[in-house]
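Student: Please model the complete structure; the sequences and the hints are all you need to start from.
Protein chains: 2
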Amino acid sequence: MRKFVWFASLFISSAAFAQGPSAAYVGDSIFIHNIAKNVLTSKASYNNLYFLTKKIGGRLAGSPQMVLAEKWGYAALQEAGADNVRLQQCMVPHWVRGGKDKAAVFYKNDKGVQQSIPVNVLALGNSIGSGPKGIKAQVVRVNDFDELEAKKNDLKGKIVFYNVPFDDTLLATFQAYGKNVVYRGIGASRAAKYGAVGVMVRSMTNGVDNAPHTGSLRYLDSTQEIPAVAVGVRDVEKMDTLIDAGKSLTAQLFTYGKMLPDTIGHNVIGELTGTEHPDEIITVGGHLDAWDVTEGATDDGAGIVQTIEILRAFKSLGFRPKHTIRFVLFANEENGTRGAKAYADEAKAQHEKHIFALESDAGGFTPRSFSIPINADTKPKLDAWLPLFAPYFINYFTNGGGGADVGPIHETFKVPAAELMPDTQRYFDVHHSTNDVLENVNMRELKLGAINMAALLYLVDKYGL
Amino acid sequence: MRKFVWFASLFISSAAFAQGPSAAYVGDSIFIHNIAKNVLTSKASYNNLYFLTKKIGGRLAGSPQMVLAEKWGYAALQEAGADNVRLQQCMVPHWVRGGKDKAAVFYKNDKGVQQSIPVNVLALGNSIGSGPKGIKAQVVRVNDFDELEAKKNDLKGKIVFYNVPFDDTLLATFQAYGKNVVYRGIGASRAAKYGAVGVMVRSMTNGVDNAPHTGSLRYLDSTQEIPAVAVGVRDVEKMDTLIDAGKSLTAQLFTYGKMLPDTIGHNVIGELTGTEHPDEIITVGGHLDAWDVTEGATDDGAGIVQTIEILRAFKSLGFRPKHTIRFVLFANEENGTRGAKAYADEAKAQHEKHIFALESDAGGFTPRSFSIPINADTKPKLDAWLPLFAPYFINYFTNGGGGADVGPIHETFKVPAAELMPDTQRYFDVHHSTNDVLENVNMRELKLGAINMAALLYLVDKYGL
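Protein sequence lines, in the order shown, are assigned to chains A and B. When the letters of the first sequence are read in order and numbered with the numbering used here, they come out as residues 94 to 558. When the letters of the second sequence are read in order and numbered with the numbering used here, they come out as residues 94 to 558.
To be clear, the hints were calculated from the coordinates, so they are not data collected in a lab. There is no bait here: all hints are sound.
Where chains are identical, the list cannot tell them apart; a pair therefore holds if satisfied intra-copy or between any two copies.
Simulated crosslink set (DSSO-like; lysine-lysine; CA at most 30 Å straight-line): (1) K340 to K286; (2) K147 to K331; (3) K249 to K204; (4) K472 to K507; (5) K130 to K331; (6) K272 to K136.
A quick note: this is a predicted structure, and the numbers were derived from the prediction, not measured.
Tutor: Encoded structure:
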């Protein structure tokens with residue numbers, strides 16, 4: 094490895110960081126530095142993520158693990174020092190996988206002998222199961238919805254294979270996801286409309302392994318409910334190669350998914366009461382639920398642990414905010430966002446006053462930016478604050494808003510919302526798959542996210558946005 | 094995971110990126126974009142790193158794997174399209190581990206019964222072995238050299254245990270390494286001076302697992318050669334807890350290290366000949382050697398693969414540099430830097446003209462910056478170029494120079510040298526340990542490094558620095 098020691102010099106070439114924060118912010122710079130030292134030397138976030146991933150694991154809405162996670166979250170917020178902690182009830186969907194998903198593909202080799210290969214699949218969330226008898230049908234490959242439409246007269250009784258590769262040239266991997274996720278979301282309905290009996294969807298990933306990546310689908314109407322699975326990309330490539338070689342493929346799927354009646358779930362909410370404006374609320378949170386097959390370490394154990402860590406560090410340093418800060422572990426982001434809706438609905442019903450909301454749901458990777466509204470009002474403030482974030486590797490802000498969980502609060506109260514934007518290159522390697530485990534989270538990267546979030550909350554509380 | 098799609102807006106709050114590149118650089122921006130597309134969609138870098146890590150593996154100077162790696166590197170540079178490839182001979186040190194390092198610690202429990210615990214160790218590179226009889230001696234823990242000096246009269250016949258924790262509060266992890274590495278480097282000699290018979294050094298890592306992290310030591314004189322091992326941090330903590338509880342520890346070490354006579358190694362050098370100034374040379378490279386217990390994926394398979402990838406992409410796009418670009422796979426960075434010295438020595442002897450040198454030896458992690466000289470001459474250029482790098486996540490330059498392998502060229506010719514600075518948070522989790530494997534490299538992150546390096550070479554070739 095390199096032998097020189099870096100950062101001996103602080104002469105950095107970039108107008109924004111040519112100097113440190115202006116004199117007015119020196120005290121803030123010291124406070125944020127103390128937060129950083131506290132977080133970087135604490136074992137609390139590792140211990141929390143360890144428990145959430147290894148002792149609880151996948152915690153989809155309605156599952157026994159959801160109940161365990163709520164109980165754990167309640168205790169963790171108390172332990173971190175919240176002035177008060179409560180459970181906020183909401184009804185959540187209750188989808189169960191119901192069994193071990195399996196699939197195989199059959200074709201005739203060049204000698205006319207039937208061959209079969211197992212295919213790595215996971216039923217999509219919210220999908221109906223094939224049941225123990227499975228479904229078996231000829232495979233029709235399509236590369237997009239246009240091709241689906243072109244082949245619509247050939248789909249009756251078939252299994253549609255959506256083979257839409259991730260666009261690896263998109264530097265922002267969420268853009269690639271945004272382009273393709275529609276096939277997972279409504280591909281089943283679109284195929285069922287023309288009589289297809291099942292769909293296989295290429296996993297949404299930049300990864301090169303064979304882990305299938307699940308995620309929710311939505312049936313557009315109740316006549317269009319057919320089984321649907323995500324397929325690992327190596328097996329997708331095998332299928333692709335066979336089809337390219339002119340083989341006719343038949344696939345057999347066994348899935349057992351079932352949507353049970355809605356059940357009771359909870360947001361878990363801890364507060365630090367504001368010293369000057371206790372009735373004005375700043376929200377920070379992540380989501381507590383996670384897909385059943387994962388440990389939910391990146392999605393969104395990271396956001397949960399960061400939320401709790403900010404509270405712990407604030408308390409540990411004796412910091413009291415002027416406004417009330419709510420630390421929210423949201424229920425059911427993955428297949429319903431009912432927790433987020435319940436939170437905003439209650440806030441509206443109670444005539445609460447909200448001033449800002451911040452979310453972390455893009456993983457515990459090394460921070461890059463915040464997605465935050467940049468406009469004539471906010472820009473001077475954000476520009477002045479930027480040098481306070483630069484030591485912790487946030488070098489710019491990106492005009493945008495929050496994620497799914499602070500969306501309803503933003504919509505209801507028209508308050509600015511923000512989201513931590515970490516580096517995204519590894520996100521879709523693990524997303525919604527068995528790769529989403531504790532070992533794929535680097536705790537220093539996760540902690541850097543928490544430090545920057547704490548800094549942003551501190552600044553918005555002190556100066557407004 | 095978050096549901097909104099990012100980067101829909103390009104309104105970024107930071108003076109440096111408020112606009113794209115100036116009109117003069119639009120063509121360059123397109124060229125760099127084409128490089129990025131080419132690299133992001135190519136499988137070459139994965140295939141290269143796979144072969145280097147899984148088929149060759151640890152390739153310390155003098156080892157059979159070194160010879161395989163040189164042969165592979167020669168072919169890989171040819172395959173990537175170099176105008177010419179050659180081996181540049183240099184004599185390299187030839188240290189062998191010689192066997193399986195083992196250690197145990199003994200103490201008496203509260204009932205006076207002797208207990209033993211195995212301890213995870215790796216002999217330090219260049220160290221002498223204990224031989225099959227091992228050494229067994231009482232342990233003296235010290236937390237720094239001051240404490241060593243204070244205890245100097247108690248060290249005769251003892252094993253010194255350097256327990257110097259990594260400073261996790263340092264955001265630049267190389268700074269933490271820079272503070273502690275002296276204990277690995279000369280701790281053995283300093284202890285031997287007072288009669289110690291062996292040393293155990295806490296591994297240099299932010300990690301939380303028990304993998305020992307090796308690396309080279311240097312005996313200050315030949316009377317001070319004693320066995321020396323790195324210890325996994327979990328076992329360090331066990332030893333620490335026992336000593337804190339007042340236990341007297343005895344340690345037993347078995348190591349087999351041996352320095353054999355120098356042997357023949359090679360730098361592997363490929364060239365793209367300059368169209369206008371073929372006698373003016375730009376160097377880019379990484380180091381081909383790697384510690385024996387590792388796969389050398391991060392250190393420095395990443396730099397090697399990036400170097401080859403830049404050549405491949407340039408050729409693939411039909412790009413011809415004005416100056417000759419040398420793609421150098423350096424020999425023996427880890428325990429001698431003899432390759433780097435041979436390269437500079439020959440350049441001097443041949444009266445070559447060098448204009449710039451770039452290195453990658455800080456891992457294949459997501460890029461943050463370049464360490465590069467920033468002064469009155471270079472600053473206007475670097476500031477103008479920065480918007481060309483921003484889409485690929487380099488948002489600032491850092492005043493500095495290159496690493497160990499381009500150091501001698503920089504010293505000899507007084508030319509500017511630079512090094513890719515990726516994010517460093519995960520580096521010391523894997524460094525010099527069995528954790529340094531292919532699976533701990535994310536190929537998109539590695540490719541982003543190659544893209545930025547290619548852009549920098551292209552710009553320096555076109556505009557000078």
